[in-house]
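Novice: The lines below spell out each chain.
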Amino acid sequence: MKILVCVKQVPDMESRFRPDAAGVWYAETDLAFRVNEYDEYAIEQAVLLKEQLGGEPEITLLSVGPDRVVEAIKKGLAMGADRAVHVRDPAAHLKDPFQIASIIAAYAKGEGFDVIFTGMQSLDRGSTQVGVAVAEALGYPCATTVVAFEYADGTVTVKRELEGGVKGTVRLKTPALVTCQLGLNQPRYPTLPNIMKAKKKEVAVIPVEQLLQEEARLVLAQFSAPAKKGGGVVLEGEVADQVDRLIGILKDKTAVLR
Amino acid sequence: MKVLLVGESRDGKLLEYSYELFGFASQLGAETAMVLIGNDAALPSYGGTVYLADAGKYGEYNPDLHKRLVQAAVEREKPDYVVFMHTSYGWDLAPRVAALLKAPQVSEVVALAEGGFERPCCSQKMRQVVRPVGGPVVLTLQGGAFPALVPGGAPLKQTLEVAGEGRTEFLGYEAAVRKGVDLTRAEIIVSAGRGVGKKENLPVIAELAKVLGGEVGASRPVVDSGWMEAGAQVGVTGQTVSPKLYVACGISGAIQHLAGMKKSGFIVAINKDKDAPIGEVADVLVVADVMQFVPALTAKLAK
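Taken in order, these protein sequences are the chains called A and B. In terms of the numbering used here, the first sequence opens at residue 1 and continues consecutively. In terms of the numbering used here, the second sequence opens at residue 1 and continues consecutively.
Hints are computed from structural coordinates only; laboratory data are not their basis. Everything numeric in this text was worked out from a predicted model, so none of it was measured. Among the clues, some could well be false.
Said to hold, decoys possible - Just the calculated beta-carbon pair ranges, DEER-fashion:
1) A:D30 x B:D289: 17 to 23 Å
2) A:A21 x B:T159: 51 to 57 Å
3) B:G48 x A:V219: 29 to 35 Å
4) B:D289 x A:A225: 21 to 27 Å
Said to hold, decoys possible - Below, computed lysine-lysine pairings styled on DSSO-like, alpha-carbon distance capped at 30 Å:
5) B:K198 x A:K159
6) A:K253 x B:K262
7) B:K102 x A:K159
8) B:K210 x A:K159
9) A:K74 x B:K198
10) A:K74 x B:K199
11) B:K210 x A:K251
Even for Gly, the Cβ is constructed at its ideal location relative to N, Cα and C.
Produce the entire structure from the sequences given, and follow the hints as far as they go.
Specialist: Below is the structure:
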């Protein structure tokens, strides 16, 4: 069995974001990057599947982006992926979700992956399109927003998370693609020996030009902070002072403090 | 300008938020038609054309067939936009329809913008304006961004059919697990988020809830990490609450959480990050570390 996991590297979401020089995306200065949280669940599920099948499947990790994404790749390899492909693209942020999906599909075509795992979305762009678009380009059946995953004899059975806490159970035949929702599993922390081992694993580098054949369907026009809607009070400063001011406001504006 | 709205039905009923699609179309000033995989009982209160495909035949979840049914409606209606809600149905189906139509897709639109559509990015902290190239354009709309509009009237029903079978087998729905406290009746809720840091810190949140005479809730990451039971989760996939006072401790404010608590009477948020999206709905945002501020608040209130 061959498994593919698609991984994106994204900034820490507690960062302060500022527009880049073109004003269409964030400037990378001062940002700390990490593996997209949803993709950590994808990596973990791939490793769990490999373990379930006695270590037979080979897990390939793929990431599209500039040189910094090698750090995300290393983490995935340390979590248990066997090899990686870095599609090197210094301008990945300007590609639209359809182009990113086309790049991944162009690589995966002919590789004969049985199961492909992606996150259901990225924390920064959050299009929720790439996984599904990869499946469509490859002609794979696909289930999104997966919170439970089982595999047996070429059949994947998943639970999709719907609104209101309802789940929908869906069965697909492999080859298939699933997009992983938070809470699907408990992503492991790489151990030191596995981090050392990961350093010896193969990372193939492919320039994006070799895989990209599609024109963009979306143009990024602007990136900015949302207009503040609410007239909420912001309390800053010393904790003791904040406590007093909050209690004052609660006594004033609510009937909950007796 | 013409828009094709993709309605959504579950268990034989039209999902209420489908009316937000009409609200969007009205802002755009566009002519409308709807496509719905459902049944007569799920038809909207709307006097325009509804392309109806029988959910008994095509299933409520069968993306291979649903995308072709939407495509069939697109061929008949020739819309400029095909619009879904950004829900588990919409974000699953829209990219498949976009692939079939070779169309651009803009996800989770929150507003019309000059030269394109405004959508959130960076976990709702920032906004981007995106301009689609070519058409028709596929859109999904963030829930609550466009006020619902019930046009009224009886639909002009057009039946849709496609041949073939789908590759996904839908085995059924599983009802939500409702264990623990019914937060929907609570007057005061103190909720813990990722900013609490670790499971061992949770008693600090419980202490504050106790002094205030309230219940303890949680955001999704706290439940996903196994720190608290799923029954305590507030948000789209958990409980939707509207207490008199909601205290969000270390909760950044993912849209799914906000949707579950923003109707609370008074909202206090405690967060280190002044720009956290929870600030959008909070009446008071205390910029502080939860583990420093909450014990101090509890101590003062206990006096």
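Novice: Take the hints in turn and mark each one as holding or not.
Specialist: Hints versus structure:
{"no.": "1", "hint": "A:D30 x B:D289: 17 to 23 Å", "verdict": "holds, 21 Å"}
{"no.": "2", "hint": "A:A21 x B:T159: 51 to 57 Å", "verdict": "holds, 54 Å"}
{"no.": "3", "hint": "B:G48 x A:V219: 29 to 35 Å", "verdict": "holds, 32 Å"}
{"no.": "4", "hint": "B:D289 x A:A225: 21 to 27 Å", "verdict": "holds, 23 Å"}
{"no.": "5", "hint": "B:K198 x A:K159", "verdict": "holds, 28 Å"}
{"no.": "6", "hint": "A:K253 x B:K262", "verdict": "holds, 17 Å"}
{"no.": "7", "hint": "B:K102 x A:K159", "verdict": "holds, 29 Å"}
{"no.": "8", "hint": "B:K210 x A:K159", "verdict": "violated, 36 Å"}
{"no.": "9", "hint": "A:K74 x B:K198", "verdict": "holds, 26 Å"}
{"no.": "10", "hint": "A:K74 x B:K199", "verdict": "holds, 28 Å"}
{"no.": "11", "hint": "B:K210 x A:K251", "verdict": "holds, 18 Å"}
Checked against the numbered hints listed earlier, the structure breaks hint 8 alone; every other hint is satisfied.
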